[in-house]
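S.K.: Protein chains in written order, with our numbering: chain A, 1 to 248; chain B, 1 to 472; chain C, 1 to 479.
Since the hints were made in silico from the structure, they are not lab data. Backbone N, C-alpha and C fix where the C-beta goes; we use that ideal spot for every residue, glycine too. Please note: incorrect hints may appear among the correct ones.
Quick list of simulated restraints, FRET-style, between CB atoms [as the list claims (entries may be wrong)]:
| no. | chain 1 | residue 1 | chain 2 | residue 2 | range |
| --- | --- | --- | --- | --- | --- |
| 1 | A | D219 | B | L163 | 49 to 57 angstroms |
| 2 | A | R151 | C | L215 | 20 to 28 angstroms |
| 3 | C | R358 | B | H72 | 22 to 30 angstroms |
| 4 | C | R474 | A | A215 | 49 to 57 angstroms |
| 5 | B | Q281 | C | A231 | 50 to 58 angstroms |
| 6 | B | P321 | C | K350 | 41 to 49 angstroms |
| 7 | A | T133 | C | A231 | 43 to 51 angstroms |
| 8 | B | T390 | C | R398 | 33 to 41 angstroms |
| 9 | B | D169 | A | T133 | 45 to 53 angstroms |
| 10 | C | P434 | B | P321 | 46 to 54 angstroms |
| 11 | C | P100 | B | H72 | 34 to 42 angstroms |
| 12 | C | P434 | B | G442 | 50 to 58 angstroms |
| 13 | B | D349 | C | V24 | 34 to 42 angstroms |
| 14 | B | S168 | A | L230 | 48 to 56 angstroms |
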Amino acid sequence: MLEAIDLTKNYGTPVPSLDQLNLRIEPGEVFCLLGPNGAGKTTTISLFLGFSAPTAGIARIGSLDVQTHPLETKRLVAYIPEQVMLYRNLTGLENLEYFSALAGQDRYGKEELLGFFDGVGLSREAALRRVGTYSKGMRQKVGIAMAVAKRATALLLDEPTSGLDPKASNEFSQLLLRLSGAGVAVLMATHDLFRAKEAGTRVGIMKAGRLLTTARTADLTHADLERLYLESMAAGIPDGSPLEEVAL
Amino acid sequence: MITRIARKEFTEMVRDGRFRVAAALVMALLVAALAAGWKHHVDSTAQRLTAERITRAQWLNQGARNPHSAAHYGVWAFRPQSPLASIDPGIEKYVGTAVWLEAHRQNEFRYKPASDATAAARFGELTAAVVLQLLLPLVIVLLSFGAFAAERDNGTLRQLLSLGVSRSDLALGKALGVASALAVLLVPATALGIAALALSAGTSGWGDGPLRLWLMGLGYLLYFGAFVGLSIAVSARARSAQLALVVLVGFWIVNGLVAPRAVADLARGAFPGPSSFAFTQAVREDITRGADGHNSSDKRLDDLKAAVLKKYGVKRVEDLPVNFDALSLQAGEDYGNTVYDKHYTRLWDTYRNQNAVHQWGAAVAPLLAVRSLSMGLAGSDFEQHRHFATAAENHRRLINRIANEEMLKTEYNNWNDEVPAETWAKFPEFRYGPPGVDWVLGQYLPSIGLMLAWCVLATAAAYWATGRLRPS
Amino acid sequence: MFLTVVRHEWRQMSAGKILWPVAVLFALLVGYGVWNGLHWVHFQQQTLEAVAQEETGRIAKMRAGVVEAWATGAITDPSEPDPRSAGFLGTRAARNATLPPGSLAALAIGQSDLYPYYFRVTMANKVSFTNNDELENPTNQMAGHFDLAFVVVYLYPLFILALSYNLLSAERDEGTLAMLMSQPLALGTLVLAKIAARGAVVVALAAGFSLLAVLLSDAGLSEAQVWLRLALWITLLVAYGGFWFALAIAVGALGKSSATNALALVGLWLVMALVIPALVNVAVTAADPMPSRLELIAAARQATLEADKESKARLGQYHKDHPELVPKGSGYNVADSYVKYVLSLDTEEKRLAPILDRFDEQLARQQASVAQLRFLSPALLAAEALNDLAGTGVERFRHFGRQVDGHHRAWRGYFLPRLFAKANLSAAELDRAPRYTFFEEDTAAVAARTFPVLAGLVLPTLLLGAFGLVGLRRFPLIA
Numbered sequence: 001m002l003e004a005i006d007l008t009k010n011y012g013t014p015v016p017s018l019d020q021l022n023l024r025i026e027p028g029e030v031f032c033l034l035g036p037n038g039a040g041k042t043t044t045i046s047l048f049l050g051f052s053a054p055t056a057g058i059a060r061i062g063s064l065d066v067q068t069h070p071l072e073t074k075r076l077v078a079y080i081p082e083q084v085m086l087y088r089n090l091t092g093l094e095n096l097e098y099f100s101a102l103a104g105q106d107r108y109g110k111e112e113l114l115g116f117f118d119g120v121g122l123s124r125e126a127a128l129r130r131v132g133t134y135s136k137g138m139r140q141k142v143g144i145a146m147a148v149a150k151r152a153t154a155l156l157l158d159e160p161t162s163g164l165d166p167k168a169s170n171e172f173s174q175l176l177l178r179l180s181g182a183g184v185a186v187l188m189a190t191h192d193l194f195r196a197k198e199a200g201t202r203v204g205i206m207k208a209g210r211l212l213t214t215a216r217t218a219d220l221t222h223a224d225l226e227r228l229y230l231e232s233m234a235a236g237i238p239d240g241s242p243l244e245e246v247a248l
Numbered sequence: 001m002i003t004r005i006a007r008k009e010f011t012e013m014v015r016d017g018r019f020r021v022a023a024a025l026v027m028a029l030l031v032a033a034l035a036a037g038w039k040h041h042v043d044s045t046a047q048r049l050t051a052e053r054i055t056r057a058q059w060l061n062q063g064a065r066n067p068h069s070a071a072h073y074g075v076w077a078f079r080p081q082s083p084l085a086s087i088d089p090g091i092e093k094y095v096g097t098a099v100w101l102e103a104h105r106q107n108e109f110r111y112k113p114a115s116d117a118t119a120a121a122r123f124g125e126l127t128a129a130v131v132l133q134l135l136l137p138l139v140i141v142l143l144s145f146g147a148f149a150a151e152r153d154n155g156t157l158r159q160l161l162s163l164g165v166s167r168s169d170l171a172l173g174k175a176l177g178v179a180s181a182l183a184v185l186l187v188p189a190t191a192l193g194i195a196a197l198a199l200s201a202g203t204s205g206w207g208d209g210p211l212r213l214w215l216m217g218l219g220y221l222l223y224f225g226a227f228v229g230l231s232i233a234v235s236a237r238a239r240s241a242q243l244a245l246v247v248l249v250g251f252w253i254v255n256g257l258v259a260p261r262a263v264a265d266l267a268r269g270a271f272p273g274p275s276s277f278a279f280t281q282a283v284r285e286d287i288t289r290g291a292d293g294h295n296s297s298d299k300r301l302d303d304l305k306a307a308v309l310k311k312y313g314v315k316r317v318e319d320l321p322v323n324f325d326a327l328s329l330q331a332g333e334d335y336g337n338t339v340y341d342k343h344y345t346r347l348w349d350t351y352r353n354q355n356a357v358h359q360w361g362a363a364v365a366p367l368l369a370v371r372s373l374s375m376g377l378a379g380s381d382f383e384q385h386r387h388f389a390t391a392a393e394n395h396r397r398l399i400n401r402i403a404n405e406e407m408l409k410t411e412y413n414n415w416n417d418e419v420p421a422e423t424w425a426k427f428p429e430f431r432y433g434p435p436g437v438d439w440v441l442g443q444y445l446p447s448i449g450l451m452l453a454w455c456v457l458a459t460a461a462a463y464w465a466t467g468r469l470r471p472s
Numbered sequence: 001m002f003l004t005v006v007r008h009e010w011r012q013m014s015a016g017k018i019l020w021p022v023a024v025l026f027a028l029l030v031g032y033g034v035w036n037g038l039h040w041v042h043f044q045q046q047t048l049e050a051v052a053q054e055e056t057g058r059i060a061k062m063r064a065g066v067v068e069a070w071a072t073g074a075i076t077d078p079s080e081p082d083p084r085s086a087g088f089l090g091t092r093a094a095r096n097a098t099l100p101p102g103s104l105a106a107l108a109i110g111q112s113d114l115y116p117y118y119f120r121v122t123m124a125n126k127v128s129f130t131n132n133d134e135l136e137n138p139t140n141q142m143a144g145h146f147d148l149a150f151v152v153v154y155l156y157p158l159f160i161l162a163l164s165y166n167l168l169s170a171e172r173d174e175g176t177l178a179m180l181m182s183q184p185l186a187l188g189t190l191v192l193a194k195i196a197a198r199g200a201v202v203v204a205l206a207a208g209f210s211l212l213a214v215l216l217s218d219a220g221l222s223e224a225q226v227w228l229r230l231a232l233w234i235t236l237l238v239a240y241g242g243f244w245f246a247l248a249i250a251v252g253a254l255g256k257s258s259a260t261n262a263l264a265l266v267g268l269w270l271v272m273a274l275v276i277p278a279l280v281n282v283a284v285t286a287a288d289p290m291p292s293r294l295e296l297i298a299a300a301r302q303a304t305l306e307a308d309k310e311s312k313a314r315l316g317q318y319h320k321d322h323p324e325l326v327p328k329g330s331g332y333n334v335a336d337s338y339v340k341y342v343l344s345l346d347t348e349e350k351r352l353a354p355i356l357d358r359f360d361e362q363l364a365r366q367q368a369s370v371a372q373l374r375f376l377s378p379a380l381l382a383a384e385a386l387n388d389l390a391g392t393g394v395e396r397f398r399h400f401g402r403q404v405d406g407h408h409r410a411w412r413g414y415f416l417p418r419l420f421a422k423a424n425l426s427a428a429e430l431d432r433a434p435r436y437t438f439f440e441e442d443t444a445a446v447a448a449r450t451f452p453v454l455a456g457l458v459l460p461t462l463l464l465g466a467f468g469l470v471g472l473r474r475f476p477l478i479a
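The shape of chain A in the complex, shown without the other chains (with noise of 0.2 angstroms):
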């Protein structure tokens, strides 16, 4: 379980980068966060795993707060950036070990750390071979093997299938489902509003640090989505400030 409230984030500037989000993500819901580039998105997710503190409110996971418990809160959640980074002279297997030996769960014996890579659908032969060698895809799914390695409870995604080909981004977000269906709550920015509609359970949009609107996936069409998203983007600009392009 993911809920923030009241979080706020500023950086010093004149809109603060995130205003006063109220957030609640259950066991098995996928939300997705929308919105341009400086919507918020990241520092939603930043905030969430105590990269940097919040100016006031409290992000919470489980019915931890992320402030006073930045450990505790860590083994709940896994993360998975735009681009899963991983160390490129050890082995798929071995940056797996390692990243689940830190997340606490150090008794995986070979063939389960293996196991994990059957499961998102990478080769054996592959974990074998150092992640230099790696496509994105790839990388992005070792991050799903990761996440299911510690057990997670939340899941955080920070654009994590842009840039991939649409099989991959497909295979992605199968995986995801699978995620959710076994009670994990995910939290996903993105600016795929395809992807939204076709993984997440509800979406969220944002626009200037503020959540406009929210929105179950189940009740809207692909056009619904992109209309309520313009409609958002043009309308209802809380202090006037510049947009920026929006990407899709």
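Assemble chains B and C onto chain A, guided by the hints.
M.R.: Positioned in the frame of chain A, the structure of chains B and C alone reads:
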């Protein structure tokens, strides 16, 4: 085009806080080092002149005395310091400037300043030479490691190359930019140095001082040029600014720290010198095999005696018209001189060979070339020390010869017999003229060649590397 | 958790391109340093052996001369020295006071190439036998020795900095830092684990080679003092290395790029290893300048002239007291000349004492200032302490000097009364002449001198480490 690039580079550097800090630090150290060197030069010259005057007066005022006793009292030779030694004191700290010229014995120089200093002095001395040889190359690295690498990291390099700028213009422009930033640093210090040296010109007997200074400046310019060329070459080829920096700093460390010491130990291993004990023993051994004025049982003395008696046609040395002691003393000196010549030539040639290893080490580290040259031109190197030591030794032999000639006039076997007080004025004062620039340069041909080679190769490397610039 | 990271760092480093070349290079440099140190110790030992051999042969010859002279009767020619006389034996049968290389001498050459390590202590004044410098090419001396201490003081920090300047910035550039920090891992733990992994490599290399050098230099390993010194040496290595690691942490915590970190660290190294020692040197010599040696020469010449006259006068007094000893005729008397020689040198020394003392005083003052100011530069601090532990620092030479003085006093005490009495010595009397034995410096005293140095290294290490770990809280995790 080139000047425009150079101007942009220069503006960027001067605006860079890192350059300002480094430049201010190096400049302050250079000025402080020059000032300290200058003060040392002025003080030591004054001290030398005073000591020369006093010891000469003492020599002249010995009063009536036995000439051989006076020869044992001996005289001191003090080495005049070149004004340029205030820039590069070279080996001065490890040899001292005073040598005692006495009867029978060629002495080592006395009172190494290093023995009179704390261990901290061994650690690092602040001299202009150290600043120029060690610190300035680091400033050059700092100024130029990013010449291309930083533009590559920032992505401006692609843009720059898309404008159709010729790559050699780019290289030359960047090099000029670094050079002008260096000039900001060096010109005031150089002017200061020249002004100070001009004040002392002519007073020291170093008539070719200005020529030596220009050549020294030229040597340093070649050295800096080599560093600028290398830095630009590395910057053009390195994948990132960080890598360029690491490679260049690594080279700087090898050049300035590792190579000089490694080469010293290599030289010692290749041409081992004797211990002081072994050297003294060997000299003593050789001398006792021959005639010594105090050793009347020796065969050489017998031979001399026989020859002299035969020459004067007398039976006993007491009947000789001259003091036989004087003849035997001079024979002892003559024999000793051949022994000392043999051993000192061997010792000093060993050191010369060792120093040649230092010079050829410049194939790895250009510092070794510029250091040898700089010391040579400053007159503070080993070869000029040897030149002075040889002159002093010749003076010692002269003093002893005159003393023994005076000794002829004294009574045989009466070592208390005295010659009048005026005698001492017959002994000339020691005057030393340092060797000319051509002589000095002749000692350092390997260094000169290698320094030129470094500069040419580094420039070529810079051109080659900018010709094969990686845009990203 | 900590060990997991250490293990991982190990694997990372051994898989990467940096560690092995750096470690091999470092091992080569350290090995070369050790080899040079061993070579120098060997040279000194050989010289001391030759010195001892010469002494044994010479004294045996003198003794035989004494025995023969007593058997054949007195020498009649006064211009020939009597081989039994105190004057003859007190100078020619003099024994050497020697300083054997210490047990750790191969590790640091220090000042041992500058100060004499043996003296033939005669009954004449000290100045007459202390001008005994080892012969060495001054160009080599200027360059300095490539010994282990040099590698430790200058290069070891650079290797440490090379391995740790981009501790976090490299992972941030690679993007792995964010991945790491999304795990339940504190940044401080990560940094300390990384340092531990790197520290183990460099410290193990430096300490291992130190041990090897001591083993190879056949120092008496059975002695506890050798182990104690070695333990202190290694502690010093760890403390000194710790300082540079702490510096790398502190600079790294500011969150700048790898290139900026590298520049800043090289700059700090330069300031601490080269600039501050040079400035300390300038400050010390400016505050307490050495008197001029040339003035000393002029004064000594004057003293020689005067002492010469005076000793003639004193000899005249002596002859008045002993009319039977006044030489017949005008001839030269060797026995008198010995007395005259010793007397004139003593008078000279007495006259010069105030000037000579000034040199000693100024040097002592300079050394006292250095002892304070060295705390400004960890490199200077470590260098002095390493030399001290190796027995090639100033302290052990002073300790030796005191023993030389002791032996000199004993020798003079034995021979001077006999010289003035113009006595002849029997072989048994010659055998009873004072012997010199070197007593090693008290290890406890060495240890006591090392502790402030350790404190001087550990304290800034802790401060820098604390500053770094606090600063890490604001470390930007994402580029």
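S.K.: Indicate, hint by hint, whether the structure satisfies it.
M.R.: For each hint, the structure was consulted:
Evaluation of the 49 to 57 angstroms hint for D219 (chain A) and L163 (chain B) yields a pass: the beta carbon distance comes to about 54 angstroms. In this structure the supplied range 20 to 28 angstroms is violated for R151 (chain A) paired with L215 (chain C), their Cβ-Cβ distance being about 52 angstroms. Under the hint 22 to 30 angstroms, the C-beta atoms of R358 (chain C) and H72 (chain B), about 27 angstroms apart, fit the expected range. R474 (chain C) and A215 (chain A) have their C-beta atoms about 38 angstroms apart, which leaves the hinted 49 to 57 angstroms range violated.
Take Q281 (chain B) and A231 (chain C): their Cβ atoms lie about 40 angstroms apart, and the range 50 to 58 angstroms is violated. Between P321 (chain B) and K350 (chain C), the C-beta spacing of about 44 angstroms keeps the proposed range 41 to 49 angstroms intact. With their beta carbons about 48 angstroms apart, T133 (chain A) and A231 (chain C) fall inside the hinted range of 43 to 51 angstroms. With their beta carbons about 37 angstroms apart, T390 (chain B) and R398 (chain C) fall inside the hinted range of 33 to 41 angstroms.
Here the CB-CB span from D169 (chain B) to T133 (chain A) is close to 40 angstroms, at odds with the stated 45 to 53 angstroms. P434 (chain C) and P321 (chain B) have their C-beta atoms about 51 angstroms apart, which keeps the hinted 46 to 54 angstroms range intact. Against the hinted window of 34 to 42 angstroms, the Cβ-Cβ separation of P100 (chain C) and H72 (chain B) comes to about 35 angstroms, which satisfies the hint. Under the hint 50 to 58 angstroms, the C-beta atoms of P434 (chain C) and G442 (chain B), about 55 angstroms apart, fit the expected range.
In this structure, D349 (chain B) and V24 (chain C) meet the distance hint of 34 to 42 angstroms, their C-beta atoms being roughly 37 angstroms apart. A beta carbon spacing of about 53 angstroms between S168 (chain B) and L230 (chain A) agrees with the range 48 to 56 angstroms that was offered as a hint.
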